[in-house]
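All chains, please: the whole structure from these sequences, using the hints.
If you read the sequence shown in UniProt numbering, its first letter stands for residue 1, the second for the next number, and so on.
Treat the hints with caution; some may be incorrect.
To be verified - Calculated lysine to any residue pairs in the SDA-like style (CA-CA distance at most 20 angstroms, straight line):
(1) K87 to F71
(2) K58 to G118
(3) K58 to T68
(4) K58 to S82
(5) K87 to N63
(6) K56 to D79
(7) K87 to S59
(8) K87 to F62
(9) K56 to F83
(10) K58 to D16
(11) K58 to F10
(12) K58 to L105
(13) K58 to L84
(14) K58 to M130
(15) K58 to R128
(16) K58 to A97
Hints listed in this document are in silico derivations from the structure and should not be mistaken for laboratory results. The structure presented is a predicted model; accordingly, all values stated were derived computationally and were not measured.
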Amino acid sequence: MTSAPGMIIFPATESDARRVVRFAARYRIRVVGKCSGHDSMMRSTGYGVIQLVMTKFKSISFNNATQTITFGAGNAHLDVYSFLAEKGRFAVGGTWAYVCPAGCLSNGCYGHFTREFGMGADNVAGLRFMLY
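Structure, rendered in structure tokens:
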């Protein structure tokens with residue numbers, strides 16, 4: 001048996017992703033999320049699953065008043081770090097440029113600034129989840 005997904009879907013909107021999750025729930029199909037897919041435990045794939053590849057969710061914004069960044073699950077660390085560097089800021093996160101913070105944060109997110117500021121997940125001010 002392989003770990004090949006049954007379907008790979010690239011949703012463009014939250015509505016697209018919600019429809020996929022509702023379909024999967026109706027037919028009892030497991031859904032996994034993927035951005036860069038860098039997961040040594042292979043949680044971003046699985047036999048027969050519906051794999052939601054979130055690479056189209058690439059929004060990034062910075063709130064100067066709260067000193068917080070908001071980003072979509074499709075951004076890689078390089079996207080986030082480059083965006084913040086233009087503003088004279090940095091974020092605590094992973095060390096691999098093309099790994100996505102969304103996945104990294106789900107495992108704690110160890111990086112260059114961890115000793116001084118904690119893991120990436122320690123610095124999260126909030127999360128937004130899609131409910132179906």
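Hint-by-hint comparison with the structure:
no., hint, verdict
1, K87 to F71, "holds, 15 angstroms"
2, K58 to G118, "violated, 25 angstroms"
3, K58 to T68, "holds, 17 angstroms"
4, K58 to S82, "holds, 13 angstroms"
5, K87 to N63, "holds, 11 angstroms"
6, K56 to D79, "holds, 13 angstroms"
7, K87 to S59, "holds, 16 angstroms"
8, K87 to F62, "holds, 9 angstroms"
9, K56 to F83, "holds, 17 angstroms"
10, K58 to D16, "holds, 15 angstroms"
11, K58 to F10, "holds, 13 angstroms"
12, K58 to L105, "holds, 16 angstroms"
13, K58 to L84, "holds, 14 angstroms"
14, K58 to M130, "holds, 16 angstroms"
15, K58 to R128, "holds, 15 angstroms"
16, K58 to A97, "holds, 15 angstroms"
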